[in-house]
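Peer 1: Each chain, letter by letter, is given below.
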Amino acid sequence: MDDVKPKLIECFQIVFPDMQEKDIPTASQETVAEWDSVAAITLVNVIEEQFGIEMDLDDVADLDNFEKVRAYLEKRQQPA
Amino acid sequence: MKITEALRIVQATAADAPPFRVTLACGFTPLHLHTFLQAHLQLALPARAVHIKDGLYADLCGTLERGGDNDGVVVVVEWPDLDARLDYRNAGGWGRDSLASVVEQATLSLDRIKSALGRIPSGIPCALALPSIPIAPIFSAPGWQASEAELVLNSALFHFASELARDGRVRVVSRERLAQESPWETRFDVKSDLKAGLPYSIKHADQLASLLAKTLVPPAPKKGIISDLDDTMWKGIVGEVGPENVHWDLYGDAQMHGLYQKLLGSLSDNGTLVGVASKNDPAVVAKAFERSDMVLRPDQVFPIEASWNAKSGAVKQILEIWNINADSVIFVDDSPMELAEVAALHPGMECVLFPKEDPVAALQMLRRLRDLCGKDKVSSDDVLRLASIRQGAAFRKQAEGGSAPESFLQDSKAVITFDFSAAAEPRTLELVNKTNQFNLNGRRWAEADWHKDAASDRSLIVAVSYEDKFGPLGTIAVAKANFRGERLLVDTWVMSCRAFSRRIEHQTLRLLFETAGVDEIEFAFQATAKNGPTQEFFASLLGEEPKPEFRLRKSQFDEHCPALYHEVKELKKAEAHG
Chain P
54 MDDVKPKLIE CFQIVFPDMQ EKDIPTASQE TVAEWDSVAA ITLVNVIEEQ
104 FGIEMDLDDV ADLDNFEKVR AYLEKRQQPA
Chain A
7 MKITEALRIV QATAADAPPF RVTLACGFTP LHLHTFLQAH LQLALPARAV
57 HIKDGLYADL CGTLERGGDN DGVVVVVEWP DLDARLDYRN AGGWGRDSLA
107 SVVEQATLSL DRIKSALGRI PSGIPCALAL PSIPIAPIFS APGWQASEAE
157 LVLNSALFHF ASELARDGRV RVVSRERLAQ ESPWETRFDV KSDLKAGLPY
207 SIKHADQLAS LLAKTLVPPA PKKGIISDLD DTMWKGIVGE VGPENVHWDL
257 YGDAQMHGLY QKLLGSLSDN GTLVGVASKN DPAVVAKAFE RSDMVLRPDQ
307 VFPIEASWNA KSGAVKQILE IWNINADSVI FVDDSPMELA EVAALHPGME
357 CVLFPKEDPV AALQMLRRLR DLCGKDKVSS DDVLRLASIR QGAAFRKQAE
407 GGSAPESFLQ DSKAVITFDF SAAAEPRTLE LVNKTNQFNL NGRRWAEADW
457 HKDAASDRSL IVAVSYEDKF GPLGTIAVAK ANFRGERLLV DTWVMSCRAF
507 SRRIEHQTLR LLFETAGVDE IEFAFQATAK NGPTQEFFAS LLGEEPKPEF
557 RLRKSQFDEH CPALYHEVKE LKKAEAHG
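Chains as they are written, first to last, in the numbering used here: chain P, 54 to 133; chain A, 7 to 584.
No wet-lab data here; the hints were simulated from the structure.
For every residue, glycine included, the Cβ atom is placed at its ideal position computed from N, Cα and C.
Treat the hints loosely; a few may be bogus.
[Claimed, not checked] Covered by chain P, per the in silico footprint, the following chain A stretches (three or more residues, Cβ under 8 Å):
| hint | stretch |
| --- | --- |
| 1 | 12-22 |
| 2 | 201-210 |
[Claimed, not checked] What follows is a set of in silico ranges between Cβ atoms, one per label pair, in the way DEER data are often shown:
| hint | chain 1 | residue 1 | chain 2 | residue 2 | range |
| --- | --- | --- | --- | --- | --- |
| 3 | P | Gly105 | A | Pro52 | 49 to 55 Å |
| 4 | A | Ala23 | P | Arg129 | 36 to 42 Å |
| 5 | P | Asp115 | A | Ser153 | 43 to 49 Å |
| 6 | P | Glu87 | A | Ala97 | 53 to 59 Å |
| 7 | P | Asp111 | A | Asn160 | 33 to 39 Å |
| 8 | A | Gly73 | P | Asp117 | 36 to 42 Å |
| 9 | P | Asp115 | A | Arg14 | 25 to 31 Å |
| 10 | P | Asp111 | A | Asp333 | 47 to 53 Å |
[To be verified] When the alpha-carbon atoms are kept at most 30 Å apart in a straight line, the in silico BS3-like pairs for lysine-lysine are as follows:
| hint | chain 1 | residue 1 | chain 2 | residue 2 |
| --- | --- | --- | --- | --- |
| 11 | A | Lys8 | P | Lys58 |
| 12 | A | Lys8 | P | Lys60 |
| 13 | A | Lys120 | P | Lys121 |
| 14 | A | Lys197 | P | Lys128 |
| 15 | P | Lys128 | A | Lys201 |
| 16 | A | Lys209 | A | Lys8 |
| 17 | P | Lys58 | A | Lys209 |
| 18 | A | Lys209 | P | Lys60 |
| 19 | A | Lys201 | P | Lys60 |
| 20 | A | Lys209 | P | Lys128 |
| 21 | A | Lys201 | P | Lys121 |
| 22 | A | Lys8 | P | Lys128 |
| 23 | A | Lys197 | P | Lys60 |
| 24 | A | Lys201 | P | Lys58 |
| 25 | A | Lys197 | P | Lys121 |
| 26 | A | Lys197 | P | Lys58 |
Chain A on its own, in the form it takes in the complex (with noise of 0.2 Å):
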């Protein structure tokens, strides 16, 4: 991005958009950094209208520890915010005595920061890069060679971002990432340094602001991957040489179908759905998952549709199974026509191709599918997931297959568990800001705000997870009131598609009449075009389509509830609390 673009974008910023208030927290003179970053933010919330506020030159602490409004905050640690002698701007000494003290000084430093960044109220995002211009030559060594002084100081600071991200309050910048992004050699603008306090040349300052805003505001990871077999989930084709000579492995000159397997293995293990559209005979493809070699596990994958039909037509399939959308999903093939088939049959679905011959541009492919799948962090829901799209495809299937709809619910051993105390959890918020079907009004929040609003006395936020003998759904629900006064406001309720015709939503509202002690609920209701399943559950109720902020009484939903078979767990707060 050039600087010119930086300042359009910034200026396009609807002045009636709600405020997204950022801290950049330096202790330089922040300036091209500034631009760039409330620009890639922009991009990235375009609802928003982004206001980067900067603190005081050579105070990144105070800056911190002056805390303020914010919805997020961003962090850039650079040597001189170690020790002032590291500030090619200053004029100590570099002496042989002063090195041991600059070591001394710098981890005191750290601990400040990391003193002052555990300060940032909990549920504010924080992005933070640690020094990415080079370190003055104050170490004895010739630059070759790594002294002592300067690997302590980096395990210092690499220890510092260890435990930061640890506690998961602060994510931060890959230094690797920024390597590939911005060369070394072209970041430090010494010459803007010393004129103006601004050591960044106008790329690294580009480069490391989209960083830190993909870090602070991640885009949402793509939910699944459905991959092609022949030369892609292995090499050969299976049809043909048979399910004992196809090869993911050095020994085949495979080697990158098996990273493939690797990564798809991994990323299956981290929630993201894996599923395969092969044209293949079905028989021939579950032997080769049989072998014992596979590095990709069965049971990692689900569904596996191969059949003679057209791509599009499996991917078509999978996409009802796993109740997502096309844009959620990528599809990897080597072929590039049937790419194309899919891909014109699918609009927003991003598809990949595998480059069979070329292990490097492999390699970039594998990168770039952790890129688009990646999370920050891996939620027990999220390992649940295939286990449960498996769960529900297993109760579609046995609810279809002759049993009345009431005994099959009787006999499915359900429980649920009402939670409390969940509201900081992030897929508690995940759920309410992906969720389309069963969403009571469409609204998506900011984590901020999400947690701001959670926070308040008068708030009750209840996460609704659910299992049955078929196995667990993980957290499938959440609902979201306000007292006011004598009566309780829903503003936020959504339910994961997964777990419709369960009447797990007659019990949370049951639920909450009981907690509340209420007898009515008024509902902060809007029509989406994808809320269909809410507004029909409301009629069901009402006897009426629902319209914008009604109200059930207790009378209305107790006549139209039907029987709830449901064991049902709570866990409060003040349990949570101890």
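So here's chain P without its partners, still in its complex pose (with noise of 0.2 Å):
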């Protein structure tokens, strides 16, 4: 659980490259002028892609910020 975080970062520099590391983890969509939906689904299918796991469209509406990402991935690392 503990990559989860380095992992994520990577994801948003690369669909952001522009943003500068340490303003990842408090970007959201408000703050991130790039972050719109065409962007929003990109980061989904980067993190589909670095993760290996598959997310659903409708549970990723909601993740608008990168803490919820976080909180996102790292609930769905938990063992069920």
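Relying on the hints, combine the two individually framed chains into one complex.
Peer 2: Right under this line is the structure:
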């Protein structure tokens, strides 16, 4: 679970290459102009590839900031 | 390719690289298709910075009609572009009455798309993909049966595509190849379509983008195939069983060898050089090629190098006769050892195993050879290529055979034709972009840039073709110049190495002075690692090594130009346009 954060930061860097690494943990759709609906889908796809998971579009609608995405991924990694 | 990889490729593009601008016209949200297309094009054009411009949602024709400054156009048609009722996101009815109207509307939409495509400026490459997701279940027949309306719709679609392909301005992605690369059942992402307007699965977007990129910017085809004979060109060891007992047909259980010969013959007819490197007795090989049932005709192969020496040596001789580099050539043999021996001595050569015991693998190999050598269009020069190589060999043989060069040139009955209307001919740019040794500066031109420059009133482009008593060489040289006030600046000048030693370069220079009516010509010369013959030519006129951007006076040229014996013909732009 410890490796979720750095891996997720890498995903954000791939989708938002102009974003400073230090700004990523506080990033949200409100603060990042490039994080529009199209970028959101790309971000989901990149996370799917990097984490080897499938994310349902219905589930990800509310994932509008870094912390929420991290929490979602950590929850997904917990044993059922 | 994965999305992550595609994004990394796109982001690694050098910001200061010259741009390659592409309009992506489609009626849906392109998203991943955009990303993958950009990445695949970027891989194909590493020296350019690929920029993709999308159009508006549900407005494919509008995107095309608005045009823009493009180096290429990619058009992806989907069913909703033909009629909104074919859109899964649309609420329009699928009733019996609407079916005929859907087909009618689709035909009108195809006409409109065709008309919009016709307005793309000449010389801008355009790649088109036909609908690739399953059509909505609107037809009355059960899914396993093709209804009349469905067939009519598909017929209209194929008619539309075939007319565009015939016109030559649009290259169409093969639906068959797409079916091989992207299985039908994994193409459509209905959830993504309904939620985001993106109908393609990620895998399908990648596969389609890959084919679109190859269609828009095709890889350079290989120029030649060198083939082994025994158990490759035919089944059997000709030296052991005799020329009459090798087989390439069904009855000899050797049909794959016959198909291989058919493919080589077809490639040869289309301008791919075909030669033979075989460890055999030359007399026995000659006998086999005399067989009247041989599928590959003797005139489709040159040269045939048969000896008991190493194959790599025979390959080297063939490359010298063809005067092309190893990386432009494929070597086919049934022996992994021979392939390894040739590969070791000719790095860069594509070495392909002929899988003589496996028809499935053999068919795959035939498809691969077609992919590696295939051309969008076959020019008259392509058709002449092998004859031209033979001509060159005969020319060199006679020139070395004791005739004095002057009398030899005088007796060669050479005719040079200067064509001022060939700027748009594919062969013209092809020659510019592949010639190394006689090349003014090594500059390679993008298709769109070339056509834009050629369209200028100040531009002068001449394509040079040559023939003599040994036969035609076809189009062998191209020069491009621009008038700068009273001066002429030659920025591109290439000549095929097949045409060396005939003083064609001197005659071309004389023509440039006469046509332009100038006393001095400036050359945008740059020495390259490969253009030694160009440097020597200019040094012979200047009396010193050429410097970048040098000028040559007509008096200098006249003083050093040797006697020219060619008959000269000129085809002017005005003649070409009637």
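Peer 1: For each hint, tell me whether it holds in the structure or not.
Peer 2: Okay, the hints, checked on the actual structure:
Here's how the stretch 12-22 of chain A fares: 3 of its residues keep a CB closer than 8 Å to some CB of chain P, so the rule of at least three is met and the hint holds. Coverage of a stretch by a chain is defined here by at least three residues with a beta carbon nearer than 8 Å to that chain's beta carbons; for the stretch 201-210 of chain A and chain P the count is 4, and the condition holds. A hinted range of 49 to 55 Å for the beta carbons of P:Gly105 and A:Pro52 is inconsistent with their spacing of about 30 Å. The hinted range of 36 to 42 Å is satisfied by A:Ala23 and P:Arg129, whose Cβ atoms lie roughly 40 Å apart.
A hinted range of 43 to 49 Å holds for the C-beta pair P:Asp115 and A:Ser153, which are about 44 Å apart. Between P:Glu87 and A:Ala97 the C-beta distance comes to about 33 Å, which lies outside the given range of 53 to 59 Å. Between P:Asp111 and A:Asn160 the beta carbons are some 35 Å apart, a value that agrees with the proposed interval 33 to 39 Å. For A:Gly73 and P:Asp117, the Cβ-Cβ distance of about 38 Å falls inside the hinted range of 36 to 42 Å, so the restraint holds.
At roughly 28 Å, the beta-carbon separation of P:Asp115 and A:Arg14 lies within the given 25 to 31 Å, and the hint holds. Judged by the Cβ atoms, the range 47 to 53 Å given for P:Asp111 and A:Asp333 holds: they are separated by roughly 51 Å. Of the pairs offered as hints, the one joining A:Lys8 and P:Lys58 holds, with about 21 Å between alpha carbons and a cut-off of 30 Å not exceeded. Proximity of A:Lys8 to P:Lys60 is assessed by CA-CA distance (about 17 Å); at most 30 Å being required, the pair is judged to hold.
Proposed proximity of A:Lys120 and P:Lys121 is contradicted: the alpha carbons are some 48 Å apart, above 30 Å. A hinted pair counts as satisfied when its Cα atoms are at most 30 Å apart, and A:Lys197 with P:Lys128 qualifies at roughly 24 Å. The suggested pairing of P:Lys128 with A:Lys201 holds, with an alpha-carbon distance near 25 Å, which does not exceed 30 Å. A distance of roughly 8 Å separates the Cα atoms of A:Lys209 and A:Lys8; the hinted pair therefore holds under the 30 Å criterion.
For the given pair, P:Lys58 sits about 27 Å from A:Lys209 by alpha-carbon distance, which is consistent with the 30 Å threshold. A threshold of 30 Å between alpha carbons decides the hint, and for A:Lys209 with P:Lys60 the separation of about 23 Å falls inside it, so the pair holds. A distance of roughly 27 Å separates the Cα atoms of A:Lys201 and P:Lys60; the hinted pair therefore holds under the 30 Å criterion. This hinted pair checks out: A:Lys209 and P:Lys128 have alpha carbons roughly 27 Å apart, not beyond 30 Å.
Using a Cα cut-off of 30 Å, the hinted pair A:Lys201 and P:Lys121 holds, with the two alpha carbons roughly 21 Å apart. The suggested pairing of A:Lys8 with P:Lys128 holds, with an alpha-carbon distance near 25 Å, which does not exceed 30 Å. As the CA atoms of A:Lys197 and P:Lys60 are separated by approximately 27 Å, the hinted pair is consistent with the 30 Å bound. Under the criterion of a C-alpha separation no larger than 30 Å, the hint pairing A:Lys201 with P:Lys58 is consistent with the structure, at around 28 Å.
Between A:Lys197 and P:Lys121 the alpha-carbon distance is near 23 Å, which keeps this suggested pair within the 30 Å criterion. Annotation: proposed proximity of A:Lys197 to P:Lys58 holds, straight-line Cα distance about 29 Å (limit 30 Å).
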